Amino acid sequence: MAADISEQARLYLPKYLSPSRTQELYEGLRQFPHLPDFYLPPSTIDEDLLQGDGWRGFVVGEFNSALTKTVAGIIVSSSCDIDTRNPSHTPRRILFCPLVSLRGYAHDLAAAGLEERRISNILGNIRSQEVTDVFYLPESPYGPPESIALLDDVHPHPLNHFKGTERTLMFRLHQTAFYVFLIKLSIHFCRMQEGVRRFAGAVA
Amino acid sequence: MTIQAQDTGPADAAVQTLEASSTQSQSSSLHERAGSHVLANLLMLASLGLIPSPAPTASLVLTYPGQSESTYSVRALRETQELEQVTEVLTRIHDTLLSEAKELEPDARQILSEQLWNLYIT
Chain A
698 MAADISEQAR
708 LYLPKYLSPS
718 RTQELYEGLR
728 QFPHLPDFYL
738 PPSTIDEDLL
748 QGDGWRGFVV
758 GEFNSALTKT
768 VAGIIVSSSC
778 DIDTRNPSHT
788 PRRILFCPLV
798 SLRGYAHDLA
808 AAGLEERRIS
818 NILGNIRSQE
828 VTDVFYLPES
838 PYGPPESIAL
848 LDDVHPHPLN
858 HFKGTERTLM
868 FRLHQTAFYV
878 FLIKLSIHFC
888 RMQEGVRRFA
898 GAVA
Chain B
102 MTIQAQDTGP
112 ADAAVQTLEA
122 SSTQSQSSSL
132 HERAGSHVLA
142 NLLMLASLGL
152 IPSPAPTASL
162 VLTYPGQSES
172 TYSVRALRET
182 QELEQVTEVL
192 TRIHDTLLSE
202 AKELEPDARQ
212 ILSEQLWNLY
222 IT
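These protein sequence lines are chains A and B, in that order. Note that the working numbering gives residue 782 to position 85 of the first sequence, counting from 1, and the numbers run on in steps of one. Note that the working numbering gives residue 161 to position 60 of the second sequence, counting from 1, and the numbers run on in steps of one.
These are calculated hints, taken from the structure and not from any lab test. These figures come from a predicted structure and were not determined experimentally. Do not rely on the hints blindly, as some may be mistaken.
Unchecked claim - What follows is a list of derived Cβ distance ranges for each label pair:
#1 223/B to 739/A: 15 to 25 Å
#2 208/B to 858/A: 36 to 46 Å
#3 744/A to 203/B: 15 to 25 Å
#4 218/B to 821/A: 20 to 30 Å
#5 836/A to 202/B: 17 to 27 Å
#6 215/B to 776/A: 28 to 38 Å
Note that the Cβ used here is the ideal one computed from N, Cα and C, for glycine as well.
Pulled out of the complex, with its shape left as it was, chain B reads as follows (with noise of 0.2 Å):
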């Protein structure tokens, strides 16, 4: 498999890249969900700001053997509004639900520690 960043966009645009490779082949399902995948996460990890944002005219292209090539489209998955969405809750949930974290205090960490082999549901 080889993957391919894109970024048509202004020269002032950060530009992304990204290059992978497998020997494997991989089913057409597989590797329609793959590129969505890889899209996202590139996305994902952009909003939140762990690197630059890629320009809307950005696109991904994945090539597998033997497949021909598909093209992911950063303002394609954006126009549907989705990915924004859902990095967005995604980092305040987690924010929420982090800033309400609990761990067990340690005595009755241990206590199931001990008696975990034995409380276990058969």
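One chain only, chain A, in its complex shape (with noise of 0.2 Å):
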């Protein structure tokens, strides 16, 4: 699977990217999973609000108590539709996903009596990337600890709010990164090949 993503994305490489930098995508993604570079310096980024941006601030509410948590998050939302400087007529939201410790939900199937085997392997489906709806975060100095974001466990929060309250970026994926959370983004929430029948008496 590897190979054939490395060889295939080569094809369509973002356009603005110089050459050297479309080589060290190119070189990163055919290491797909395992990433040599997951996170981009702190020095290379500014303090916008991008899609696939860690950020600290962010509150999540719980749906049977209602109550509230200032929590690390993962933004889901495109850039451009956050992005104040392009004009809306109504308040914006942010969508996130929340980060949860791996090293936690770890300690809870083990607690919850799973076998050390099964567990090993729960997390190393994990960390290939190959569970459909999680998105896999290694720990890193650039980053957060070791996390998942479950993409089913997406929030709002108003974009003006989150603007003007106390908030940490947290991190920035880099590129290639990036490029594997887009696609992950896409296949949990647009299948277009999907066929799923949409009205009864429908031909699939």
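Bring the two chains, given one by one in their own frames, into a single complex with the hints.
Below is the structure:
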């Protein structure tokens, strides 16, 4: 799978990248799912809000209890849609997925009595990005603790409130990781070839 | 906003029509992006076989209130060879990843759901 992806991806690398950056991205994709550069160094990034960014300061609500908590999350909204330089006639919201501690999850799996081999298998599937509704984020000096984002755990946060609140940029995905993030988003949210019957009597 | 698709290709070529309307005016940068996106999405649908393929000579004309008409041509987009490559690669990658796709096993998923609130990184 990895070789196929890298060969195909080479055909449509972003055209705005310089040749050296293009080569860097291609070399990165060749190593999928073990991407060599998952996050950009902090010295190279600004404070814009971009899709795939990790920020502290998002507020998430618990559905049953209505409790709220300030958490770290990864931005799912497209960068253009949350850019306040683009005019909007309605208040905008940022969509984000809270980051979930993978270490904590592994601990809970063990506490629930799952065998070590099964836990290792579960974590292996997550780390290789093979679980379709989970985006895996490795630990890095430039990134969060090893964590995951559940793509079916999306929450809104009013953009104006977020921009005015205390917040911290945790990480920005490297071009290669951002590319994988987009693919996983599109697979989770938009399967154009799924062929599901949408009304009674439809021919699949 | 009004969108028209024009097809000036041969008689047997598939004819695409697309109409949309909006009362909102848009900035020129959004205008440019919208035109490219609409055409790219249209051709993406065609390449996936969901709608007939437009003729190479087809074009898309967008007019926003208070702004001049803009034309986006299929030929110009395809001359870059970018669109067809994107379409082909996206389709292949999606198919490849989906063929390897896994879900968390039910008990593992249940544990995650129950503990989720406590597992959020703050």
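Now the hints, each set against the structure:
At about 20 Å, the beta-carbon gap between residue 223/B and residue 739/A stays in the expected band of 15 to 25 Å. In this structure, residue 208/B and residue 858/A meet the distance hint of 36 to 46 Å, their C-beta atoms being roughly 38 Å apart. Checked against the given bound of 15 to 25 Å, the beta carbons of residue 744/A and residue 203/B, roughly 36 Å apart, lie outside it. A C-beta distance of roughly 26 Å is found between residue 218/B and residue 821/A, which places it inside the suggested range of 20 to 30 Å.
Look at residue 836/A against residue 202/B: about 25 Å separates their beta carbons, and that is inside 17 to 27 Å. In this structure the hint that residue 215/B and residue 776/A lie 28 to 38 Å apart at CB holds, the actual value being about 34 Å.
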